[in-house]
Each structure stands twice: as C-alpha cells, then as structure tokens.
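**Q** Please model the entire structure based on the sequences and the hints provided.
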Amino acid sequence: MPPVTPILEADCLVKAFGDLTALDGLSFAVAPGESLGLLGVNGAGKTTAMNLLLGLTTPTSGMVRIFGLDLWKHRIEILRQINFSSAYTSLPSNLLVWQNLTVFAKLYGVTRPKQRIEELLELLDITHLRKSVTGKLSAGESTRVNLAKALLNEPRLLLLDEPTASLDPDIADRVRKLLRKLQKERGLSILYTSHNMRDIEEVCDRLVFLHGGKVLAEGTPGHIYERFNRTSLEDLFIGVARGEVDAIGLK
Amino acid sequence: MPFSFNSVSALVLRYVFLYTRHPVRLVELVFWPLVDLLVWGFLSIYLQRQSAGAFPTTMTFLLGGMILWDVLFRSQQGVAISFLEDVWTRNLLNVFVAPVRTVEYVAATCLVGVLRVGVTLVVLAVVAAVAYGFKLTAFGIGLLPFLANLMLFGWFLGMVSTALIMRWGQAAESLAWAIPFFIQPLAAVFYPVSVLPGWLQPIANALPCTAVFEGMRTVLAGQPAPWGLMRHALLLNLVWGAVAGLFFAANLRYVRKTGLLVKVATQ
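If you read the protein sequences in the order shown, they are chains P and L.
For reference, each letter of the first sequence is one residue, going 1 to 251 in the working numbering.
For reference, each letter of the second sequence is one residue, going 1 to 267 in the working numbering.
Any given hint could be a false lead.
[Unchecked claim] Below, computed lysine to any residue pairings styled on SDA-like, alpha-carbon distance capped at 25 Å:
hint: 1; chain 1: P; residue 1: LYS73; chain 2: L; residue 2: TYR105
hint: 2; chain 1: P; residue 1: LYS114; chain 2: L; residue 2: HIS22
hint: 3; chain 1: P; residue 1: LYS177; chain 2: P; residue 2: ARG130
hint: 4; chain 1: P; residue 1: LYS131; chain 2: L; residue 2: LEU13
hint: 5; chain 1: P; residue 1: LYS131; chain 2: L; residue 2: SER4
No lab work stands behind these hints: they were computed from the structure.
Since the structure is predicted, the reported quantities are computational estimates derived from the model, not experimental observations.
**A** Below is the structure:
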C-alpha cells in the first residue's frame with residue numbers, strides 16, 4: 001500500500017526570538033482525517049508552533065508542508081483549504097453574526113455563501129443568533145460562531161487554538177462532541193492545542209507533548225502517560241510542569 | 001494566483017456593513033471636517049471684512065486648502081484606521097490566515113479611504129458652496145488630478161502609519177492621526193512655499209501634496225490649470241509610493257520574523 005501523504009508536516013522547525021529558542025527541531029505530522037493534539041506547559045512552544053503552521057511567523061529554519069506543498073511558496077493556495085479558530089481572536093464585535101460570516105465566506109471564495117451560512121448556523125445550533133450583534137454573544141455562543149467561520153470553506157484541515165478556553169464544562173463538552181462528529185463525518189483533519197486534558201483526550205486521536213520547544217512524547221494519550229508511569233494525562237502534565245518527569249532524550 | 005477583487009470587495013463590504021449599522025460613524029466622518037470648514041470659513045470672512053476687501057482671494061485659498069487637505073487626511077486615515085479596526089476587534093489574525101494577499105488587504109484599505117473621502121468631500125463641497133459661495137467646480141477638470149494626487153499620497157502615508165503600528169504596537173497608534181500633521185506645516189496647504197524659510201523649501205517641494213496646493217492657488221487666482229505641477233506631483237508620488245511600499249513590506253517581514261504581528265493582533 002503506498003504511503004499516505006500527511007495533511008500537515010512540520011519538519012525540523014526551529015524558531016528563535018533573539019537568545020530564546022522557542023522551538024528546537026520540532027517535527028510531527030498530521031495524517032488525513034486525524035485529530036492531533038499539541039500539549040505542553042506554558043512556554044513549551046505550542047503557540048509558536050501554531051503561528052508557524054499558519055504562516056503568521058516565519059521559522060528560523062525548517063519547513064512546513066501542508067497538502068504536500070511548502071507553506072511559504074503556496075501560501076494562498078493552502079490558506080483556501082484550511083481554517084482557524086482561536087480563543088484569542090474574535091470577529092468584529094460591531095457587526096451582526098450573518099454579516100461577519102458573509103464577509104469571511106466571500107474571503108474564502110464560498111460559492112453559495114447564504115446557503116452555506118444557513119447550513120452552519122443550523123449545524124451549530126445558532127440559527128437564533130443570525131441577527132445578533134457579535135460583540136454581545138456569550139463565550140459559548142461566540143465559540144460556536146467562530147467555529148462557523150472556521151467551517152465556511154469546508155476546510156480539509158482545521159487548526160484550533162484552545163477553542164474551549166473560558167467555556168463552562170457543559171458548553172465545552174458540546175463543542176468537543178461537535179468537533180469529533182465533524183471529524184468523523186467529514187474526514188476533517190484537526191490540529192488542536194489546549195491546556196484542557198479532557199479536550200485532548202476526547203477530541204484527539206494522538207497527541208504531541210511539547211516541552212522546551214522539543215517533542216517530549218508522541219502517541220495516544222494513554223500510551224504517553226503510561227510510558228512515564230503516570231496515572232493520567234493531567235498527572236503527567238503536572239509532573240512535567242514541576243520537573244518531576246525526566247524530559248531528557250525520551251520520545 | 002491572480003489578484004483577487006473578490007477579497008478586496010469582501011474587506012470593503014465589512015466597512016459598508018459597519019457604517020450602515022452605525023450611522024453615527026457617518027456623522028463622525030463629516031463632523032470634524034464641517035467644524036474645520038465653519039471655523040476657517042468664518043475666519044476668512046472676518047479677515048476679508050477687516051481688510052475692506054483687500055484680500056478677496058484669501059478666503060478661497062483658505063477654504064480650498066482646508067477641503068483639499070481633508071482629502072489627503074481622510075485617505076491616510078482610511079488605510080490606518082482600517083488596520084487599527086482589525087487590531088481593536090482582535091480580528092487581524094482571522095484576516096491574515098484567510099487567503100488574502102497583502103496587496104489585496106492594502107488595496108481594500110485604500111478603497112475604504114476613497115469611500116471616506118467621497119462622503120466627506122460631497123458634504124464639504126455643498127456646505128462651502130451654500131455658506132460661502134465657494135465652488136469646487138472652479139477647479140474644472142483640474143480637480144481630478146488634484147484629488148488623485150492627494151489620495152495617492154494619503155494612501156502612502158497610511159501605509160507608513162500602518163507599518164509603524166505593526167512594528168511598535170498600539171503604543172504607536174497615535175501615529176495614525178499624527179503623521180499627516182508632521183507634513184502639514186511644509187505642505188503649503190494655507191500659504192505658499194515661498195513663505196517658508198529657504199532651507200525648508202526644498203523639503204516642502206519634495207512632497208507631492210505641496211505641488212497640489214500650489215496648483216490650487218494658481219487655479220483659484222484665475223490662471224490655467226498647472227498640468228506641469230500635477231505631473232510633478234505624480235512623479236513624486238511614484239517615488240513616495242515605492243518608498244512606502246518597500247517600507248511596508250520590510251516591516252511586515254520583520255514583524256512576521258519576530259512574532260510582533262501576532263503580538264499586535266492579540267494584545
């Protein structure tokens with residue numbers, strides 16, 4: 001059987017900001033239809049990795065390939081087929097939900113924007129928010145509207161940066177279930193960063209545990225924490241954060 | 001992939017939605033220029049009366065200068081404020097990870113500037129005509145190259161402002177408003193270049209807008225449209241455009257390399 005081309009490949013990524021090396025030879029891949037988590041303590045390099053993969057920051061060295069294409073040589077072509085949602089960005093707060101989604105539908109070249117927007121509002125159970133002011137939405141509603149934006153172009157790859165941050169457990173659970181459903185039904189590939197262990201365990205098929213800009217471990221959540229003789233992913237996370245886990249030379 | 005007018009129109013559509021949802025923003029767009037127009041207009045009338053009519057053309061020069069200056073200012077604002085709106089609403093990263101080229105983004109901000117100028121210019125032209133008998137049509141066909149050169153230079157100043165804000169963050173936000181006023185004393189808006197000290201005059205003449213304002217006074221004094229001055233302004237604009245473009249591109253590369261782009265977008 002011929003090898004499957006990864007949807008996304010990070011190849012020996014290094015990113016230095018002056019004397020600080022935020023990423024030190026990061027390499028990983030996301031297979032088609034896979035959901036991969038990026039986990040790590042604050043300062044591990046998750047956000048830097050995400051920014052490099054989105055083309056917001058240029059690497060010091062290394063390469064990012066998406067759909068087999070060099071990100072920096074085929075940036076616009078790639079961006080048409082991926083999308084992004086983050087807890088740290090928002091849509092223009094003074095526009096109505098449908099206006100924001102219309103603008104982004106046009107930006108992504110969606111062929112029937114009104115129909116697509118209606119489909120997504122229904123899928124995410126936010127039809128009633130169509131004429132709501134974006135800035136007046138609750139955190140949960142805002143997350144779902146951002147997800148609607150992220151799904152407008154039927155992306156092949158979705159990059160999610162802490163999408164459930166600041167959500168209550170009920171809404172966070174609904175968002176996780178929705179993402180899993182979309183992944184399975186549409187073969188969507190997802191790269192997911194989070195501090196929330198439950199997010200990682202429920203949404204991700206595999207995870208990459210970053211520490212000090214390097215890959216500490218890679219595999220399924222259970223495989224990783226058992227390997228370090230920890231009882232759970234959270235237990236491992238705390239151990240790494242407190243320096244209790246030997247993070248040298250293990251992968 | 002070719003330049004996408006669709007992307008430009010999508011970004012402009014955002015502002016159409018914004019201004020139609022918040023008509024008070026349109027009020028803000030015309031309020032300050034109207035205040036300026038009324039102040040300069042009444043000052044002109046006062047000077048004219050005090051001088052017993054010795055300076056009849058002073059009134060038109062001041063009003064013409066004020067209205068045309070606003071064209072440059074609104075063009076610059078269109079570019080800078082469009083970028084800042086994305087920063088303030090934390091939408092900048094959403095736009096930068098959409099399939100939008102930098103040139104398309106800048107083109108959209110310039111088009112927003114044109115729309116802002118259009119609205120302001122119509123209001124000012126009507127009020128100036130009704131209140132002071134000052135008609136922009138006095139410029140004749142020469143008005144178009146005047147406006148075009150001023151808008152171009154405004155766009156280039158806007159690109160410089162935006163590049164500085166990208167680099168220095170929201171601390172540099174005041175530059176969005178201040179940059180045009182760094183050049184206003186030199187741009188011969190309300191007085192001819194000959195009034196400036198000798199050593200400042202070459203600097204003033206290096207600005208495209210100076211030629212426009214000098215040309216404005218020529219037309220208002222009843223002389224033919226100075227096409228030579230307009231060509232000169234256009235040539236200067238080509239140089240300034242290249243400099244502004246290179247400056248913008250260099251800063252964008254720098255902020256992508258240093259991570260400052262993300263920092264500005266999420267602070």
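**Q** Please name the hints from earlier in the document that this structure breaks, with their numbers sorted from lowest to highest.
**A** Those not satisfied come down to hint 5.
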